[in-house]
Every structure is written in structure tokens, then in C-alpha cells.
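Student: Sequence lines, in order, name chains A and B.
For the first sequence, position 302 (counting from the first letter as 1) is numbered 1321 according to my numbering, and the numbering increases by one without interruption.
For the second sequence, position 203 (counting from the first letter as 1) is numbered 624 according to my numbering, and the numbering increases by one without interruption.
One or more of the hints may lead you astray.
Computed footprint of chain B on chain A; a stretch qualifies when at least three of its residues, placed anywhere within it, have a C-beta under 8 angstroms from a C-beta of chain B [claimed, not checked]: (1) 1122-1135; (2) 1261-1268; (3) 1401-1410; (4) 1421-1434.
Computed cross-link-like contacts, DSS-like style, restricted to lysine-lysine with a CA-CA straight-line distance of at most 25 angstroms [what the hints assert, rightly or not]: (5) Lys-826(B) - Lys-441(B); (6) Lys-1124(A) - Lys-1427(A); (7) Lys-431(B) - Lys-826(B); (8) Lys-1395(A) - Lys-645(B); (9) Lys-1442(A) - Lys-1124(A); (10) Lys-1442(A) - Lys-730(B); (11) Lys-441(B) - Lys-1234(A); (12) Lys-730(B) - Lys-1353(A); (13) Lys-730(B) - Lys-645(B); (14) Lys-673(B) - Lys-1234(A); (15) Lys-1043(A) - Lys-431(B); (16) Lys-431(B) - Lys-1098(A); (17) Lys-1098(A) - Lys-1265(A); (18) Lys-730(B) - Lys-1234(A); (19) Lys-1395(A) - Lys-826(B); (20) Lys-1098(A) - Lys-441(B); (21) Lys-1442(A) - Lys-1395(A); (22) Lys-826(B) - Lys-1353(A); (23) Lys-1442(A) - Lys-673(B); (24) Lys-1124(A) - Lys-826(B); (25) Lys-1098(A) - Lys-1426(A); (26) Lys-1043(A) - Lys-1395(A); (27) Lys-1395(A) - Lys-1353(A).
No lab work stands behind these hints: they were computed from the structure.
If you're wondering where the values come from, they're calculated on a predicted model, not measured in any experiment.
Think of the CB as a built atom: it goes at the ideal place given N, C-alpha and C, for glycine as much as any other residue.
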Amino acid sequence: MPSDPGSFRAFAGRAFDPAAIPGKPEALAGIRVLEVASRIFGPATADYLGLFGAEVIKVEMPPRGDLMRYVAPEGFFWKEVSPAFLSLNRNKLHVGLDLHPAEGKELFLRLAERSDVVVENLRAGTMDEWGVGYLQLRERTPRIVYAANSGFGQWGPYSAGRASYDATAQAVSGFSAVTGFPDQPPMKAGFWVGDYTAALMSATAILAALAARRKTGEGQMIDLSQAEAMIRTLDWTWPYAGSTGKDRVRNGNVDPSYPPSGIYRCRDGFVAVSARDEDELIPLAHAVGATDPEETWVASTERVGAFCASRRVDEVVRIAEDAGFSAAPVRGGKDHYHDPHLRARGTVCSVDDPLYGRVDEYGPAPKLSESPGRVKWSAKPVGWHNERVFGDLLGMTAGEMEALVRKKVIGKWADVPGARPPKGSTP
Amino acid sequence: MSGFAGWARKATEPSVAAGKPEALEGIRVLEFCPGHFGGMVAASVLAEFGAEAIKVEPPDGDPLRLVAPEDILVAGTGLPFLSEARNRRFVTLDADNPAGRDLFRRLALSSDVIVTTESPERMEAMGCDYPSLRGERPGIVYLSLSTYGAFGPDASRPVRDSDILCQALSGAPYIVGEPERGDGTPLPHQAPTRLGNWHGGFVQGLWGAYGVLAALHFRAETGKGQAVDLSGAESLMMFADYNITWMHTGGKARERVGNFDPAVFPYTYIRCRDGYTFIAAYNDEAFDSLMHIIGRPELTRDPRFSTPKNRVALENERALLEILEEWSGDRTADEILGAVEEYTSKRGGPGAAVVTGRVNRPLETLSEEHWRERGCFLRSRDPVYGELLLAAPPWKMSGTPARWKSGCRPPGSDNRDVYLGILGMTEEEYRRMAEAGTF
């Protein structure tokens, strides 16, 4: 039966309260993920699973590990770790394991026997060449779900040998061709959108494959190309090309589906103005000077542009809220960091890490009332959890581990910024 | 094709998908997202994995059908709606009328997942908010999508959710686009720049589907349903790199730098004879490779470029771009790819990490054989909407492949099927409701 009016907001305040999260169960508890990946596409996939409670074992090649460790904004390292590496590797167990020697492969196969999911983003076919690809893993572990993330897919003319980064996918998919201004070159998104978008798609397919496994007991391989992931996001680009034979063009900051909705310059910043239909266009036209309610044409990009240019961002937002169209400020990382709304939602959150102390992060976007996601700890140096994983999980003795360290099958961090623990910490 | 690639092709080719089982078979998703693209994406993604999706539209059709860039309408429906209207049944009902609300509630109580973009207040008034439904259906998973989310100080802000609002708040446009030069009035393009597609809406839908799948996993373990609250702004925000960690550790915010990058370089688009191509070679070994490829090996010892840190100083990025374009200007993107592949095939490890790829216009992407072979696009045929070119589901899966099964149908096409087949309505009841304008 219908509840009391307004009760949903009260329910939501209680049900999603970030302070209650530590006491709640995790959605993916009991799922173990092996990550053999570097940079962003693979690590972000595993990160998204880890945020919701999967146990992620990140397998890195000792002693330098994931090359993302050395991607540092303006060359800046904090406590010997790059902030760009931190944000991709929450809640993970870090092991240093070389998959080239036979003993390394065998250790990996043993880890896989105890795992549910493998995520990799090496060049297509590399894991198979090394003898630890899907076909080899499923011999011993038919229930394994294997996500093969790559630029161009595991098969097809471009699959062999071609490497790919985020911007490869932005470029070859057509995404950049429709981003930016018509009289300017195509614009590369300044963040690694071609990696994250594909990573989220990979993590989504992994959950679908786990649902299928529940019914059949069988795992499977997922082949995801990051370029194809970006192609899938380009909405009406493809039916437009198919029906008109033409390229969709760059349209600058105005959304060609909802003109004059777009991003506009104000006196003190930028604002997004949005009008989805007549119900919003009429008040918008009125705000920018129409005298007759029928004159929605008055809400042209020029008029809206002039209206915003002479006002502050908060004025435009307030006028929109009073009048009945929509507006929101263009915000950046500094705004997010200080935003009480995002803090209250746990979307910007603090984690008290045993090695680094307080680290602030973006938390998980979907808020689940019963089994919420969370950031439990931050990224760690190469091999930080070797004893925990090889000892506790695989049951190896200290002597066995030492022997493998001597043979360089397993190992820990190189003594360089990015790989090693903070100065003065006692591992 | 070699052993593994050959096996992978045979196991995952979209043409063999139809005979295989589906991952989410047996999960029913009810989509109530009038005028909203992100909600459609959430339902589409679940439906591509095999969930049974039912889209509820007002009797005269979803307002998103009328959104028509360049005024292109196909049988009254615009291309954005047509691009995402897949694998679902289309029912209509009048949610402003008590009989229609009752119908909606019956549908909701027969579903596993609700996806809605309507306000909590409206859903409450319909008796179909999460607290109302879970009493009768405790396993229900209830996804609500909005700009700001359902709780927190800004949750009640009066906006109607859209891609541009979510993009603006997400921090994405803030770091896309050309900076101002500080020499007079900025030009229009020297501004935070929107992603040209509806990436905000798309990512909102994708995180929504992910949240639902995590909740369904939990339900399979415990029997418990739950509510999933998702802000579209926060969805894209999660992709905004190291914004927060850098603020926290270094007190710095990312700013826009055009096609440059504050953390990796070279990592940019370079002009070539037939347009632009992407080039990346940012670790020392890869940079050494690239300098050999362009015939300037001495530059690895140039103090401006000799370390990753020096290479990401903005003035050095500009200087290096100029050097790269001297080389690339009279070569085609394919020639650049050939030169890179020839050199890197002889090097392993980090030295092979020179990466390139042409900045394709959509028609150029469509002309490439690779995507055709991989079944990346499909042509749907429908008596009403004719032939349409669409992006296929991107996942190739060996066991339960995602797949495209059906395209757009007119509003209410599946009313009879759904109302008789799922709700068990009699012919008489159906006729009465149709006559009363309930759907």
C-alpha cells in the first residue's frame, strides 16, 4: 500500500546512510578475482568488482609491477605512490608473480583453481602463448569466468599485435570525431574515457556470466574490445550514417538533440542549461526575453548565450529552478573535493588506510541499500600481500616462498617511486 | 588464424549466438523512464544479456520518440530512440489515471527489476515507490536514476535529468577542451567541452545495469531485494581519473589542456596527411622506440624530453608535438601505423608500447573490414521503421553471448501479449480498458 507522502526521502536517508555501510554485507562477497592487467582497462574492471565486495588479487610482474604505477600527474608521487595509481586499485591484494617461468605459471593455475574470475588486458593471445590463457585455465577450472579485455578483440584482422590505449578507442570508434567544435580539430577527451567505459562494460558482462554460471556451473570467456565498447555508446551516430550516408558532425557545446541545451559561459564560470521539451522551453524562452508563451524560438543559442554571459552561474541556476527549466554548474575536481552533497552521499569518501593514513577517493556510484559498495583500503606496493596470498591462500611455507623469491618467480617492489612503500614505513 | 584466435572466433562469433542460452533468462525488467535515454540504456544492457524487458510508455508514446536531431523522423520516431529501442516489449498505459496506475502496479509486482527515472514523489503517489512494493515483493530490485541521487543536500533540487546536466556536474567537460590563452576575449571553443554523444546518459544506464546485477547477485545468495539509487552525474564522475586523489595528496585540481595530458606524453592526436591520428609512447622505453621510428633518437637525451616528468611539462609537450607533426604531416595514418608496427614487432616489453590509431569519422569506422567481420554493426529490418544501422552489443561471450534480438516497435505493440500473457487479463477486461483509454 502507498506509504506516507514524502516518506521515500526519509527512507532513502536511512537506507543509504554512508555511516551504516561498514555494518552491512557486500554484494559480491565470496567472489575471487585474479587480475593480470596493467594501466587502466583491466585494473578498473577489477576495481569495480572489488568496490562491491569481490576479493581481487592483482598479479603484477615483480619488481616494477603495473606500469600505471609510473603514470604520475606532473611527475608527482605522494608517499612514493602516484595518485593516478591509487584511484584504480582500491580493495586489492597485491602479489608479485612472474608468469614466464614454469613455476610461476603453476602458481597462477593454482590461484585460478581457487578463483571465480580472471581479468586480463594483455595483447590478444598473450596469456594463451604463456600457457595461462582461458583454454588452459578451463582444463583445471571449468567454472572460471575469463574477461579478455583488449583494444580490438581476440580475433579479426586488427587483433594481432595491435596495442591500444583509451585514446585509441576514442579515435578509431568515431567518438572523437563527434566531440569538439565544428571549426576545430577533433577533441580527445582529457580523461581516459575509452578505458573506463570499456572497463565498466567488462565488469557488467562478468556479473552476467556469474549469473549464468549459477545455473550451469560453467564459466566462459568474454572478449571485449574497448573500441567496440565506445562504438556502442555513440547513440544516433550509426542509424544516422546508415540512413543518410553522412557523417554526424561535431556540434560544439550545444546538444543537437535538444537545442539550445548546452554548456554556456557565465561571468564567473560555466553552466549547463537543459530543456527537454516545451514544458521547459517555454519558461526558458520567457527567461531570455520572450513575451508570448508560444515563442519558444526565442530560446535560441545566441539568446541563451547572452543571458548566461551577463550572469553568475548561481544566478542562472536559481532562475532556472524558479522558472521551471533545468540548469547545473560545470564542476571540476576541486569542486567535487569540497562538495557537501558528494561527501554526504559517500561519492567522495575518506578511507583510513593502514599504510598511507587518510586517503580521499571517489566512492562507488550506484548506492545499494542492503549490500552497498565501499572503499576499504588503498592500493599497495608491488608484492605487498605475497605472504597473505601465497601463504594463507595457497598454504605455502616461508621456506617455499623464499626459494621462489631466490628464483625470481615471486617478488616485491623495486626500490623506485611508484613501486615501493612510503619512506619510514615498516612492512 | 592461429590456434587461440581461431578458437576464440569460433566460440564467440555473433552469428552463432542465437543457438546459445542467455545469461539473464528469467529476469523480468520493467522500464518506466519516459523521455529518458539513460533509463533505456540500463534496460537495454540487461536485455542484451537476456533479461525480459518491458518498456512502459504513455498512450501516445514516449516523449523521447519525438527527439529528432536534424528533424529526421522515421514513422514518427527519432534516431536516438531508435538506436536504443532494442530487445524489449512496448506497452502503453496512462499513469495519470487510477486504472493505469493499478495496471502499472500489477506489472511492477510481477517483475524482478524496476528501472525508473520518475521522481520518488511521483512513484510514491502511484503506490509504486520501493518501500511500497517491497512489502509485497521483498525480492524486488528497484533502480532509480536521477541527476543528483535520492538523498543528500542537493537531492531535492528541481531539475529534469538530462545528459548535459549529468555531464556538467560530473567533472568530465571541466577537463575536456581547449584552455583559455589569457590574451583577450576567449574564443567559443576555449571552454569546458561536452562529450559529443550522450555519454552521460549512457554511463548512467551502464552503472545502473551494473548496480542491478550486483543486487541480483546478492539476491541469489540471500533472497533479499534492495533499492539502488544512482546519480547520472556521479556515474560519469567515477571516470574522472585521479581528480580526488590528486586534490587530496597534492592539493591540485585537474584543468583542461586540450589534446595534451598532464600525466602522460606523447599521448595526443597528431596531424597527418589524411587527418589526425593518435600517438602514444610515454614510458622511457616506448619513447625511445618512437624517437627511433621518427628518426630522431638523439631527442631521448634532450633535457626537455629525457624523463616522463620532463615530457609532461606543458611547454615541452607543445615542443614535442611540433616535432612529431614535422614527421607525421606528410604521412597517412596507415603509413604511421605501418611504421609503428614494423618497429615494435621487433621489440618486446615496455619498449613495444608505442600506440597509434586513426581518428576516424563515423563513415571511416564503418568502412573498416575488422568491425564488419566481428559483427560490430547490424542492420535491423522492420515493417514500420524500415532498415536501420545499429551498434551490436559489444560483448563476445563463449557461453551465454549478449545479442540483439529485436528492434523498435510502435507504442503499445505488445499490450495484448503482456496484459493477457503476463497479467492474465481476460479479452473482456482488455477490451474494456482499451476503450476507457487506460492504455
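Student: For every hint, state whether the structure bears it out.
Tutor: Here's how the hints hold up against the structure:
Restraint check on the region 1122-1135 of chain A versus chain B: 0 residues with Cβ-Cβ distances below 8 angstroms, three needed, restraint violated. Interface restraint, the region 1261-1268 of chain A with chain B: holds (7 residues with C-beta to C-beta distance below 8 angstroms; minimum three). For the region 1401-1410 of chain A, the assignment as covered by chain B is violated, since 0 residues bring a beta-carbon within under 8 angstroms of that chain's beta-carbons and 3 are needed. For a cut-off of 8 angstroms, the count of residues in the region 1421-1434 of chain A with a CB near a CB of chain B stands at 0, and the three-residue condition is violated.
The hinted pair formed by Lys-826(B) and Lys-441(B) meets the criterion: a straight-line CA distance of about 13 angstroms does not exceed 25 angstroms. Taken as a hint, the Lys-1124(A) and Lys-1427(A) pair is honoured in the structure, with Cα atoms around 13 angstroms apart against an allowance of 25 angstroms. Straight-line distance between C-alpha atoms of Lys-431(B) and Lys-826(B) comes to about 20 angstroms, which keeps the hinted pair within the 25 angstroms bound. A C-alpha spacing of about 23 angstroms is found between Lys-1395(A) and Lys-645(B), which places the hinted pair at or below 25 angstroms, so the restraint holds.
Distance check on the hinted pair: Lys-1442(A) and Lys-1124(A) sit about 33 angstroms apart at the alpha-carbon level, beyond 25 angstroms; violated. Taken as a hint, the Lys-1442(A) and Lys-730(B) pair is honoured in the structure, with Cα atoms around 21 angstroms apart against an allowance of 25 angstroms. This hinted pair checks out: Lys-441(B) and Lys-1234(A) have alpha carbons roughly 14 angstroms apart, not beyond 25 angstroms. Our distance criterion of 25 angstroms between C-alpha atoms is met by Lys-730(B) and Lys-1353(A), whose separation comes to about 23 angstroms.
With a C-alpha separation of about 50 angstroms, the suggested pairing of Lys-730(B) with Lys-645(B) is violated against the 25 angstroms cut-off. Proximity of Lys-673(B) to Lys-1234(A) is assessed by CA-CA distance (about 49 angstroms); at most 25 angstroms being required, the pair is judged violated. Distance restraint check for Lys-1043(A) and Lys-431(B): the Cα-Cα separation of roughly 43 angstroms exceeds the 25 angstroms cut-off, and the hinted pair is therefore not satisfied. Distance check on the hinted pair: Lys-431(B) and Lys-1098(A) sit about 48 angstroms apart at the alpha-carbon level, beyond 25 angstroms; violated.
Restraint check for Lys-1098(A) and Lys-1265(A): the C-alpha separation of about 52 angstroms exceeds 25 angstroms, so the hint is violated. A distance of roughly 51 angstroms separates the Cα atoms of Lys-730(B) and Lys-1234(A); the hinted pair therefore is violated under the 25 angstroms criterion. Between Lys-1395(A) and Lys-826(B) the alpha-carbon distance is near 40 angstroms, which puts this suggested pair outside the 25 angstroms criterion. Distance hint between Lys-1098(A) and Lys-441(B) is unfulfilled; the C-alpha atoms sit about 51 angstroms from each other, more than 25 angstroms.
Taking the CA atoms of Lys-1442(A) and Lys-1395(A), the gap is about 23 angstroms. The hint holds against a cut of 25 angstroms. Straight-line distance between C-alpha atoms of Lys-826(B) and Lys-1353(A) comes to about 44 angstroms, which puts the hinted pair past the 25 angstroms bound. As the CA atoms of Lys-1442(A) and Lys-673(B) are separated by approximately 22 angstroms, the hinted pair is consistent with the 25 angstroms bound. Between Lys-1124(A) and Lys-826(B), the direct Cα distance comes to roughly 41 angstroms. Violation of the 25 angstroms bound is thereby established for this hinted pair.
Annotation: proposed proximity of Lys-1098(A) to Lys-1426(A) is violated, straight-line Cα distance about 30 angstroms (limit 25 angstroms). Between Lys-1043(A) and Lys-1395(A) the CA atoms are separated by roughly 13 angstroms; this keeps the pair inside 25 angstroms, and the hint holds. The straight-line distance between the Cα atoms of Lys-1395(A) and Lys-1353(A) is roughly 23 angstroms, inside the 25 angstroms bound, and the hint therefore holds.
Checked against the numbered hints given earlier, the structure breaks hints 1, 3, 4, 9, 13, 14, 15, 16, 17, 18, 19, 20, 22, 24, 25 and satisfies all the rest.
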